[in-house]
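Each chain is listed here by its residues.
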Amino acid sequence: MFEYCSDPATLTGLKWLGCFLTTGTHQNFYWSFGTVLLLLAITAPAALMFGFLGATAARSHLPPLSLIGRTYIAAVRGVPDIVYFMFFVIALDQGIEWTKHLFVCPDLSQPVWSGLEFKVCPDAKVPLATSAPIWHKIYAFGTAVVTFAIVFGAFAANVIYGAMQAVPRAQLETAEAYGMSQAQVFRRILVPQMWIYALPGLSNLWLILIKATPLLFLLGIQDIVYWARELGAAKTSGNNPYPHGDWRIFYFLGLLVFYLAFTRISEIVLGRLTARLSHGQATAAGEAMRKAAVP
Amino acid sequence: MKKLLLATALATLAGVAAAQDVVRIGTEGAYEPYNYIDQATGELTGYEIELGNELCKRAELKCEFVQNAWDSIIPNLQSGNYDLIMAGMSITDERDQVIDFSQNYIPPAASAYMALTADAKTGEGAVISAQTGTIQAGYIAESGATLLEFATPDETVAAVKNGEADAVFADKDYLAPIAKDSNGELQLLANEVQLGGGVGIGLRESDTELKEKMNAAIQSMKDDGTLNAMITKWFGPEAVTF
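Protein chains in written order, with numbering that gives the first Met the number 0: chain A, 0 to 294; chain B, 0 to 241.
There's no promise every hint is true.
Unchecked claim - For lysine-lysine, the following PhoX-like pairs were computed, each having C-alpha atoms within a straight-line distance of at most 20 Å:
| no. | chain 1 | residue 1 | chain 2 | residue 2 |
| --- | --- | --- | --- | --- |
| 1 | B | 221 | A | 118 |
| 2 | B | 56 | B | 221 |
| 3 | A | 124 | A | 99 |
| 4 | B | 61 | A | 136 |
| 5 | B | 56 | B | 179 |
| 6 | A | 124 | B | 61 |
| 7 | B | 212 | B | 232 |
| 8 | B | 210 | B | 221 |
| 9 | B | 61 | B | 179 |
Said to hold, decoys possible - A few chain A residues that don't get close to chain B, going by computed Cβ distances all over 12 Å:
| no. | residue |
| --- | --- |
| 10 | 34 |
| 11 | 85 |
| 12 | 109 |
| 13 | 114 |
| 14 | 119 |
| 15 | 127 |
| 16 | 139 |
| 17 | 161 |
| 18 | 174 |
| 19 | 230 |
| 20 | 241 |
Stated by the list, open to error - Examples of chain B residues lying across from chain A (beta carbon under 10 Å, computed):
| no. | residue |
| --- | --- |
| 21 | 63 |
| 22 | 77 |
| 23 | 81 |
| 24 | 93 |
| 25 | 94 |
| 26 | 137 |
| 27 | 142 |
| 28 | 146 |
| 29 | 221 |
| 30 | 223 |
| 31 | 225 |
| 32 | 229 |
Hints were generated in silico from the structure; no laboratory data involved. Ideal placement from N, C-alpha and C gives every residue a C-beta, glycine not left out.
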């Protein structure tokens, strides 16, 4: 990075540290924070959408739809996360390639699965072996987002389902008495009022999601915990310009600070959101706000 | 009909040819000096990276290294996420049942114990750390000592330093630089063990054509002496050569 970093062996003190903290590996480490934040930024709304759809389906009066929603929630909630992350992603990847295989491969006579091997023709690979490494990264990231969204969506669905049941029946009946249709009641009364009941459960999920990102390395994405481990690992003097002992503790302390700060910020934001959503609601918090506002 | 068959055959051939243009190689990136991350640049480097690129040049293939955790390195090969494994993987009968190996590119080398004292016990009753899913872990599990497994090689060494394990058991070529660097804190024990049939390239069993190409490339490097030179460069003058 800096001119004087070209010969690290001669450096001492702060200069050495400055060079050490700007090595290629450290820059990868800093970028991985961006990867994690991007993953959270995409996964959280996606999981919320899965949750909302799952809960709506589970509540449906149509038996098949309700069955789909309930099955989704029960199946995903019942399977350990790590199993999901190991096998679902491979299954998803193979499913995509198998589908593509049926359309683009000229010769379908060979079995796709033989023993433990999965083999499709080169044209059916996603992404193609010839594509740039960046596409492989984007694809891996995409499958990670989908997997996280499905897993956390199931938990969110259960929370939202409960929240929808918690909206006082009187509220819905009043709307019906005004002549609203089922869809209108759902859209105008149920959904706006259920968020306040869902928020505590959803905020739990958000905090768990923040801390679940090390699972990313299972999917071949190098996240902050991977890099902290790699950077902190002892480095011998032979091939490394900056040899050092086992420094993992410092990197993990750094991560601790990051996670604590991140969860603290989340808590503040969620607190404000709770206050805002409580406004005018038929809950104890909403009632307290109403009383405080009356002179 | 004949034309159609011919066209299909040609298209298949073209497809195979296109696929072999880029060969993806899976590696762990945490096993210095076999394969590790260059501290200054953040790129993969090491003996296997240099060797892999040279082999691909000789076989006229375009190669690309992919980093993958050791735990899932075989399933991801079978699932087609990459085509070769070059990750210091010893050729063993157990692995040979699920994947195929090229001829070895590192001769059968010694595995060694490293401990805080030269008289540390390693047999019955001792606690020995080794990396999960390695030939060394398999050996310890059968030796009667208590096996303490870790996901990365670095953690197996850390376990000895903090007293969790009596000794670590790994490839001698991996442990030697660490012992040398520790200023006598860590010592290699005298009782070395010969395990496995050397290190080779892991491939899917169905990729026979690719296997032959790699075998030919390795053979050509063995014949002209460049392989030995590369081993000496990365593992030092004491390393076993062909």
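Taking the hints in turn, this is what the structure says about them:
1. B:221 with A:118: violated, 32 Å
2. B:56 with B:221: Answer holds: residue 56 of chain B to residue 221 of chain B is near 15 Å, not above 20 Å.
3. A:124 with A:99: holds, 8 Å
4. B:61 with A:136: holds, 19 Å
5. B:56 with B:179: violated, 35 Å
6. A:124 with B:61: Answer holds: residue 124 of chain A to residue 61 of chain B is near 17 Å, not above 20 Å.
7. B:212 with B:232: violated, 25 Å
8. B:210 with B:221: holds, 16 Å
9. B:61 with B:179: violated, 37 Å
10. 34: holds, 14 Å
11. 85: Per Cβ check, residue 85 of chain A is inside 12 Å of chain B; nearest 7 Å; violated.
12. 109: Violated, because the least Cβ-Cβ distance between residue 109 of chain A and chain B comes to about 9 Å, which does not exceed 12 Å.
13. 114: At roughly 8 Å from the nearest Cβ of chain B, residue 114 of chain A sits no farther out than 12 Å, so the non-interface label is violated.
14. 119: violated, 7 Å
15. 127: violated, 8 Å
16. 139: violated, 9 Å
17. 161: holds, 36 Å
18. 174: Residue 174 of chain A is indeed farther than 12 Å from all Cβ atoms of chain B, at 52 Å.
19. 230: violated, 9 Å
20. 241: At about 6 Å from chain B, residue 241 of chain A fails to clear the 12 Å cut-off, so the statement is violated.
21. 63: holds, 7 Å
22. 77: Check passed: Cβ of residue 77 of chain B comes within 5 Å of chain A, closer than 10 Å.
23. 81: For residue 81 of chain B, the interface hint holds, since the closest Cβ of chain A sits about 9 Å away, which is under 10 Å.
24. 93: violated, 14 Å
25. 94: Hint on residue 94 of chain B: violated, closest Cβ of chain A at ~12 Å, above 10 Å.
26. 137: violated, 19 Å
27. 142: It is violated, given that the least Cβ distance between residue 142 of chain B and chain A is near 26 Å, above 10 Å.
28. 146: With a minimum Cβ separation of about 21 Å from chain A (threshold 10 Å), the hint on residue 146 of chain B is violated.
29. 221: violated, 24 Å
30. 223: violated, 25 Å
31. 225: violated, 20 Å
32. 229: violated, 14 Å
Hints 1, 5, 7, 9, 11, 12, 13, 14, 15, 16, 19, 20, 24, 25, 26, 27, 28, 29, 30, 31, 32 from the list above are not met by this structure, while the remaining hints are.
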